[in-house]
Amino acid sequence: MSTPHFSLAIGVGSKNRNGQWLEVFYPRPILNPAPALLDGIARLVDYQGGNECIELDSKTLHALEDMFIDMKQDELADVASILEESDRPRVITILATDEAPTSTPEAYLKLHLLSHRLVKPHGTNLAGIFSLLPNVAWTSEGAIDPEELPERQLLARALGRILSVHSVDKFPKMTDYVVPGGVRIADTARVRLGAYVGEGTTVMHEGFINFNAGTEGTSMIEGRVSAGVMVGEGSDLGGGCSTMGTLSGGNSVVIGVGDNCLIGANAGLGIPLGDRCIIEAGLYLTAGSKVQVLDDQRKVIDVVKAGELSGKSDLLFRRNSLTGTLECLTNKSAIELNNELHAHN
Amino acid sequence: MSTPHFSLAIGVGSKNRNGQWLEVFYPRPILNPAPALLDGIARLVDYQGGNECIELDSKTLHALEDMFIDMKQDELADVASILEESDRPRVITILATDEAPTSTPEAYLKLHLLSHRLVKPHGTNLAGIFSLLPNVAWTSEGAIDPEELPERQLLARALGRILSVHSVDKFPKMTDYVVPGGVRIADTARVRLGAYVGEGTTVMHEGFINFNAGTEGTSMIEGRVSAGVMVGEGSDLGGGCSTMGTLSGGNSVVIGVGDNCLIGANAGLGIPLGDRCIIEAGLYLTAGSKVQVLDDQRKVIDVVKAGELSGKSDLLFRRNSLTGTLECLTNKSAIELNNELHAHN
Amino acid sequence: MSTPHFSLAIGVGSKNRNGQWLEVFYPRPILNPAPALLDGIARLVDYQGGNECIELDSKTLHALEDMFIDMKQDELADVASILEESDRPRVITILATDEAPTSTPEAYLKLHLLSHRLVKPHGTNLAGIFSLLPNVAWTSEGAIDPEELPERQLLARALGRILSVHSVDKFPKMTDYVVPGGVRIADTARVRLGAYVGEGTTVMHEGFINFNAGTEGTSMIEGRVSAGVMVGEGSDLGGGCSTMGTLSGGNSVVIGVGDNCLIGANAGLGIPLGDRCIIEAGLYLTAGSKVQVLDDQRKVIDVVKAGELSGKSDLLFRRNSLTGTLECLTNKSAIELNNELHAHN
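Protein chains in written order, with my numbering: chain R, 1 to 345; chain X, 1 to 345; chain C, 1 to 345.
None of these hints come from the bench; they were simulated from the model. Careful: at least some of the hints might be erroneous.
Any copy will do: because identical chains look the same in the list, a pair fits if it lies in one copy or spans two.
When the alpha-carbon atoms are kept at most 35 Å apart in a straight line, the in silico DSBU-like pairs for lysine-lysine are as follows [unchecked claim]:
| id | residue 1 | residue 2 |
| --- | --- | --- |
| 1 | Lys59 | Lys170 |
| 2 | Lys59 | Lys305 |
| 3 | Lys72 | Lys15 |
| 4 | Lys305 | Lys290 |
| 5 | Lys59 | Lys72 |
| 6 | Lys299 | Lys170 |
| 7 | Lys170 | Lys120 |
| 8 | Lys299 | Lys15 |
| 9 | Lys290 | Lys120 |
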């Protein structure tokens, strides 16, 4: 058993009346567990190797607690101690390798690894995750199978309570699972579990971060970070701005934002940006848009499709308000940029 | 009594301290009830005809339950059975005809019919509905009259609870009343009761659907479906896009979207679209905008106001990024379109 | 003690485990308290003058209740009566002057004064308020220090409850503290405590109002009112529109909107507007944008930066959909406007 393993975590979750998992909450997921820890756990839960999720009873959790105390793993001992008293379904998920997930508990563990900042977006294999995540009614009384909802809502009403449904989705909101350190998220309904929210990031009310997407570090996010998009250190997304995702519409290029960029309010981004780029408020830059490239004298040096400027740094995109022309200014490197553009033509 | 009736439903709701209805929840509304069912109910609740809402006590609900069991109406029997134990205000609303509603319970029934997909947007008479819907504080403890809220909030606080107010509005969120089958709604605060959400629709976090509006079938809704707007089968609304409503601003034309359309992120729509139309991301198309119509050789064949293109199919709208001109391309039928435009001039 | 005082309020709040204030709820804040009331309170709570917050025990609250009854201050007597039974931290905050706040209870009082419409945006000194507002997890079980959240969430889960985190922010949502009269707020997560929401205002689902910002009176707010921005009587903000704030990006000019303006859906505003101005849907007007000014014959009379049109009335901004030129039309006063523009050049 002493081969390196990808991850493990103890969790507690919800099932529907048919005994199918709806979701799992892992308070302390572990990346690359130490071999001694893994071996100790394997013995107690009868883990046979591979990627597996094993349901836990109170007795096993108590044995785990004792072992964690011996190993001076205080946080894990706390988790085991609290969960051994619970009557909810409890599980340990052990991933030998970072293969595509094959069960709901595995899928939830991978989403936790992202939101706990243990792996970065695109840093774990999420292939096929949609089909492993059941659609769930996320309610004031926890996760409920939509099939079971009507009866629950009527019963609650008859008793004078409201069973409020906050979301009906395959992904829960991140903050009901983890609030990573050093962040503010004004409206948590808009950040999915599986988002990677860098320390120092503020997500304002209009901000949004999908799963497998996020921010490297300090950022002010008032726009939408689509699935797969990573925003570099120090970059800000203005109110209501859009980053084109790869899930629906758009193109197949993964959009990203470099460091210290500024995307204006109500603007949009259809190409990956380098560092220190600016997109003017209200301007939607799609890959196919033709752009006049200006030098530092504001002289036109080229006309290219925006997609050809992908990943380049120090660019400012704006629409000339008198001619309607989409312009790209560059303060630092107009001549190099021009050479570079034509070099790969 | 054996004339055809429009609708009936048994519900449970909330009143303020003055005994005025705040809202009604109807778990199983019925469109065009069978005459035998209606007659049986009429006898038990002393219904005299017309559009009426009649409060129910536990004894009457018990009698209704027995009758529903005899009629093998299991779902209705369940509703009656659960509500006969309740101490909340219970009501049966019977609509002989689809006239304009005249009470809060009638108004709520019509909103339910829409969200249960029993009638389509514009398919039931909602005239005057705003004045029948009281403004309500929708809270973690249910519907509260805003006048009664300050005392309730202070009392909750003194007891160490938080009485959280999720919305102050005439319309509640749909999902606290019904979650129709086959949908995902990432942030339910953004879909009002009275929305018609077609099976297969996903409403993402930035999506919004007003009452008397919705989607025919499979759609990805990441933009705003204003009151009165219907989105056809297979059409997608990109993140943050806008459809102009008729309630405030805009024009009096009802906006709609045909089948298999794509409205880009942060775009906007001020005219009704036919099928297979595309609006480029970031482009707001108002009815009064002048548009260059291009043929499949990209030659300008006409300049018209966008409103003249209302309802036509196979159009692509974009802003030329070098000239700033709003262009309409059409792959299939440029010549026919041109003829058609000038035919009605 | 009989000098005029700025404000006082009795509140109840939350502290973290270290005894630090997280937030304070003041049900009935008072601006410019009557000297007799202030003097009576000062004696009972041992107030020595200046800006101070003094914790209250049940005995003192009972004495305050008796005094309020004697003074026929029924609302204050109710507050004291309810809070004397509470085991939560209670406080009276007295502000002799409107200086910059120096504690969390003082900061919260100032935010309450705004949302109770006792002072207008920019009408109270908020200097340094960010550092006085701790970052709080706003949950279904009240305000929680983010440090204490993981354990609370795990315990709740083990017991089969969900401890849902609605927001992680320095500012709470306004409606958990006060719902001012005559407003609708469809999604309360989008209006911060410290917003000033004028009577007759509807904030739709896409609307947003930051602290120290708001509406004078009747308005339909479907866009974003940034910190510091005030919207005049009768002005509407279309869906998804943006008003440039002064906190991040943008310029240092405080943006405001005059009376009876209309900002179109997905539009944006980077200059202060006078009265009766219109910005076309989808148009982002930044201060640096060059604008063609047209007279009532649609003849170009000038080209200026939009910033030079700051605060002027009766302007309509649009982008010419054939030329891409940003145009400013004025129905009433083209000649006067022209003279005025050149007078200050």
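Hints violated by the structure (listed by number, smallest first)
Those not satisfied are hints 2, 6 and 8.
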